[in-house]
Amino acid sequence: MTKMNRQLITDVLGVVAKIPLGKVATYGQIAAIVGRPHDARLVGRIMHNASKYGKYPCHRVVTATGRLVPGWLDQRPMLISEGVPFRDSDHVDIKRCRWQG
DNA sequence: CGCTTGACTCGCC
DNA sequence: GGGCGAGCCAAGC
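Here the working numbering runs 1058 ahead of the position in the first sequence, where the first position is 1.
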């Protein structure tokens, strides 16, 4: 793990930690905030290992279409309990709950 | 050390 | 709205 990678991780997690309750952010949005608009995938990877880097509300991060993380069944109830509006069982109403950083 | 995979996104049809 | 392909970067094997 190089220094630059750690910096990226630190920035990404820092942004994730700032997502307010009841709101969600997209991978691309976070990637753009940390200065890497084309690295949404990396944000996803960081989220996947986020628990190992520390405790962050990574459940508030969804794809650009509002889709939840495939395979992570706990994400939906967690978001619902925070008041995030849902479009269907696998998608949040991204248009209404998208975080305006 | 190289190839594959993935919690992505965007343009096009 | 949904399917396809290309671009991007790091972690795993």
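It is worth saying that the hints were derived from the structure and are not from the lab. All values derive from a computational prediction rather than experimental measurement. Think of the CB as a built atom: it goes at the ideal place given N, C-alpha and C, for glycine as much as any other residue. Take the hints with a grain of salt, since some may be wrong.
No more than 30 Å apart at the CA atoms, straight line, and that leaves these computed lysine-lysine pairs for DSS-like [to be verified]:
#1 LYS1113 with LYS1081
#2 LYS1153 with LYS1076
#3 LYS1110 with LYS1076
#4 LYS1153 with LYS1113
Have a look at the derived ranges for each label pair, beta carbon to beta carbon [stated by the list, open to error]:
#5 LYS1113 with GLY1159: 27 to 35 Å
#6 ARG1145 with PRO1078: 16 to 24 Å
#7 GLN1065 with HIS1149: 27 to 35 Å
#8 GLY1141 with LYS1113: 16 to 24 Å
#9 LYS1153 with ARG1064: 15 to 23 Å
#10 SER1147 with GLY1093: 29 to 37 Å
Evaluated hints:
Proximity of LYS1113 to LYS1081 is assessed by CA-CA distance (about 18 Å); at most 30 Å being required, the pair is judged to hold. For the given pair, LYS1153 sits about 19 Å from LYS1076 by alpha-carbon distance, which is consistent with the 30 Å threshold. A C-alpha spacing of about 19 Å is found between LYS1110 and LYS1076, which places the hinted pair at or below 30 Å, so the restraint holds. A C-alpha spacing of about 27 Å is found between LYS1153 and LYS1113, which places the hinted pair at or below 30 Å, so the restraint holds.
Checked against the hint of 27 to 35 Å, the C-beta distance between LYS1113 and GLY1159 comes to roughly 21 Å, which is inconsistent with it. Judged by the Cβ atoms, the range 16 to 24 Å given for ARG1145 and PRO1078 holds: they are separated by roughly 20 Å. Between GLN1065 and HIS1149 the C-beta distance comes to about 32 Å, which sits within the given range of 27 to 35 Å. Judged by the Cβ atoms, the range 16 to 24 Å given for GLY1141 and LYS1113 holds: they are separated by roughly 21 Å.
A hinted range of 15 to 23 Å is violated for the C-beta pair LYS1153 and ARG1064, which are about 34 Å apart. Remark: the range hint 29 to 37 Å for SER1147 to GLY1093 is upheld by a beta-carbon distance near 34 Å.
Hint compliance for this structure: hints 5 and 9 are broken, all remaining hints hold.
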